[in-house]
Every structure is written in structure tokens, then in C-alpha cells.
Amino acid sequence: MDYSDLTKSLIKGNTRAAARLITIVENDIEAAEVIINSIYQHTGKAYILGVTGSPGSGKSTFISTLTKSYIDLGKKVGIICVDPTSPLTGGALLGDRIRMKQYFSLDNVFIRSMANRGQLGGLARATEDVIKILDVYGCDIIIVETVGVGQSEVDIFKSAQSVVVLVVPGLGDEIQAIKAGIMEITDIFVVNKMDLPGADKKVADIMQMLEFKKSYKYESEGVGDKFMKIDKWTPEITKVNSKTGENFDNLLKLINKHKTFLQDSGVISNYMKNRIKNETIQILKHKLTKKAEELIHSNNKIEEFIEKAIKKSLDPYSLAGEILKLFFEK
Amino acid sequence: MSKDKIIKVLVCKPGLDGHDRGAKVLARALRDAGMEVIYTGIHQTPDDIVNTVIQEDPDAVMLSILSGSHNALCPIIMQKLKDQGIDDVLVAVGGIIPDEDKPFLEEQGLKGFYGPGTNLSTIVEFVKNNLKR
Chain A
1 MDYSDLTKSL IKGNTRAAAR LITIVENDIE AAEVIINSIY QHTGKAYILG
51 VTGSPGSGKS TFISTLTKSY IDLGKKVGII CVDPTSPLTG GALLGDRIRM
101 KQYFSLDNVF IRSMANRGQL GGLARATEDV IKILDVYGCD IIIVETVGVG
151 QSEVDIFKSA QSVVVLVVPG LGDEIQAIKA GIMEITDIFV VNKMDLPGAD
201 KKVADIMQML EFKKSYKYES EGVGDKFMKI DKWTPEITKV NSKTGENFDN
251 LLKLINKHKT FLQDSGVISN YMKNRIKNET IQILKHKLTK KAEELIHSNN
301 KIEEFIEKAI KKSLDPYSLA GEILKLFFEK
Chain B
1001 MSKDKIIKVL VCKPGLDGHD RGAKVLARAL RDAGMEVIYT GIHQTPDDIV
1051 NTVIQEDPDA VMLSILSGSH NALCPIIMQK LKDQGIDDVL VAVGGIIPDE
1101 DKPFLEEQGL KGFYGPGTNL STIVEFVKNN LKR
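Quick mapping for you: the protein sequence lines, in order, are chains A and B.
Note that this note's numbering has the first sequence beginning at 1, numbered continuously upward.
Note that this note's numbering has the second sequence beginning at 1001, numbered continuously upward.
None of these hints come from the bench; they were simulated from the model.
Mixed in with the good hints, there may be bad ones.
[Said to hold, decoys possible] With the C-beta cut set under 7 Å, the calculated list includes, among others, these residues of chain A facing chain B: (1) Thr15; (2) Leu94; (3) Arg97; (4) Leu106; (5) Ala115; (6) Gln119.
Don't be surprised by glycine CBs; every beta carbon is placed ideally from N, CA and C.
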């Protein structure tokens, strides 16, 4: 199919073209290839901000208030809200728009809900593509809301320039703050619902964790697909009230500070490199998995191997080895 | 459009009607039928709804109205969708819709008209069979 009319309208900033292209890249990975290929050179203008936190920590309300702050500065904001897909039926209930305020208009805010469609890590497969479409569409800031995370849904830090993690008072003690995973990928901690008792205790717990981290400064290199951020930035922390907007001026300053840090320290080029590497790995994984599946279902030799495995004369590792040989023979 | 296209539905409550139990039950039923359901909550103006349709690009829009204001709200929504050139989306209305109002709403391009007590699978089948794309 030809998507050039849609991509041309997208580049001109047409809202319906953006929406339709997002639908297409969500549903058809081959079409996504064609579309991204034709718009990629126009990407790279938007600042990508990841927002994550446990279910109920107030992500949607927080994003609504943050978006208002950016609109007031004359920015155009894109919001991508990812919610989970049912592993049983494939259906999903996407309810993040409920919290998004109505003073948003089509001219300054584009909100899109996405189901993760079974992908682990807190994002959907097509999220990277949707970010690119909103970038070309003309958004200055793209806010990506991940699914309500547990502790290890950390994919967002591979896509976003700055990652904001929301925590709320009264959930978890100081041990939660020193666990691995989400606490390690954070650029800015936000203690949301600052009017609740325990907000200062939460700030203190996180500060303690960060102090500890500082004394163990390390630089790690990417191994496999685990590209760590280079540890020169000490995460900032602030408390806010998303309902009243209290302290958001401070938060905007911190986000700007991180943005400036990325530029001045040169970490941004590292980030760009890792982002492209990671994305390429994801695409390769997808393509290779598909090829491997096709091969397994179509090659008679493999049936023989499987028979052997059933009779216990071949184990699954060796079976995979044989398939790999066939794979590269082609 | 493609092989793994998942049906995307917008469920919303236009106007000053707060009776959202039915809309929530319906949202859940469509979810359980394997659809991706966006629920926007109550008190949606026609502009809110049309903006959401533009951005989310759903296959179907399910309006739930129990306040009696369907004859006022639905034509505005349909007109605004038309103004935007949106003609490939199924728009259905349900809730409390008296029989005598149905012909007028049908004229406007609306479908459905399911009320309290409707079997949920009836509505699921209705959505699946009436999509425009």
C-alpha cells in the first residue's frame, strides 16, 4: 500500500493523518517499516519524557498538570498512554484519558492511548514508532506514560531522554528504595500527593538511597541489550501535588536541568547511540523470531529432530543448535 | 487493513449525565471480547468526543445517554464528525432511547439503541458486524 499521502500530510502537521498512521503502525509491522522509512529524516526535534510509577501513583493526573505547564509555555505536547492488554482475551481497557483535562485542544495536545499487546517492559511494541510519528507531527515534548509498573518495567529509559518516576507516600519502606530495577533508571524522582502524611519521609528515604549510590560511582558499558546510563547524573527529587499544581515550577526547572546536563556533558550522544542500538536489536529480534518460527513450521528436517527430542535422544539445546545451522544454511 | 488488526472502541458519556454503570459494564464486556476499549468518563462535550475520535482513530464510538438528551446531543456529534470528514466510524447510541426517537436518530446515522437488560453478547456481535472498515 502507498502511504505517501498520509506521510506528506503528517509532515505538514495534519492531526488525522497522525492518528491514522499511528493505527497503521500499531497493527501492521510491515507497513510501519515503510512509514518510518519515509519520515525518519524528519524526526529528532521532540524532547521525550518518560513517566512511570506504580498503579495508582497518579501518573495520568500528574501528566495532565505537567502538560498544562508546558502549554502555558507555548509548547505543543504529545502524550502516549500505555495500558496493559489482557493475556487471556487480547482486549484492553484504556482509561488514562479520564484524568486528562478538557482545557486541552486539538491544536496544542495530542493524546493517544495504546494497549501494550502483551509486550513486557512497560511499553507497547509500536511505542517507538508512535513517538516518531508525534515527533514529525510537530510535538515539542512527547510524554510517554508506561503501564503502571511493578519494579522491573524499565524499557522507558531506552526511549526517553528524561525519566520521571512517581512515588507516593505510604507505599513501601526504605528497602523498596534500594531494590534494583526502576529506582536505578530514574532521572527525577517525584513524590506525588505531597499533601498526604509521610511525604517528607518518602523524600528522605530516596535521598538516603541516592547518597549511597553516589559513593559507589561506576561507569558501565552496554552488554547485550542492557545499555546502562552512564552514571554522571545524580537524580533529582521533588514533591508535588498534581491536583493543585503545587511545586510544578520547581519540577520544570529540574527537567530543564537534566536536559541541559545531557547536552553539556555529551551524554546525549551516548543516549542516541544506545537508543538506536536498542531499537535495532528489538527489530532484529522480531524479524529473526518470525523467520525462525516460519522455518520450524515448514522444514521437514525439523520434524525429525523433534521426534528425536520426544524419544529423548536430542535435548532442546541441541535441537535449537540444529535449527540454527539450518537457519544460516539458507 | 491488516491481519492482526484489533477492534478499537471508544465508550463515552456525552452531556451532563452521570449514570455510568452501563457504560462501564459495556466497556468491560467489549474488553473481554478482545477489543481495545477507551473509556473517557462522564460529562463529555460533543467537541471532547470528536477530538478524542480524531486522535484515537477508533473503529466504533459507543455513546451512552440515559438523561433524555439524546435528540439534542447526537445530531451535534454527528455533524461535527461530518465536518471533520470522519465517515468510516460506526457510531452507536444506547441507554434510555424511546422507540419514537429512533427513526430521527437513525436518520442522523446512528445505530444500536440498546437499553438496560440487553444481553452483552448482543452488543458485542452488533459491534463486530457493523464496523465500517
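Do the hints match the structure? See the list:
At its closest, the beta carbon of A/Thr15 sits 6 Å from a beta carbon of chain B; the interface hint therefore holds under the 7 Å criterion. Hint status for A/Leu94 relative to chain B: holds, with the closest Cβ pair at about 5 Å, below 7 Å. Interface hint status for A/Arg97: upheld, as the beta-carbon distance to the closest one in chain B is roughly 5 Å, under 7 Å. Of the supplied interface hints, the one on A/Leu106 holds, with its beta-carbon coming within about 5 Å of a beta-carbon of chain B, less than 7 Å.
Hint status for A/Ala115 relative to chain B: holds, with the closest Cβ pair at about 5 Å, below 7 Å. Below 7 Å, beta-carbon pairs count as interface contacts, and A/Gln119 has none with chain B, the closest being about 13 Å; its hint is therefore violated.
Violated hint for the displayed structure: number 6, the only one.
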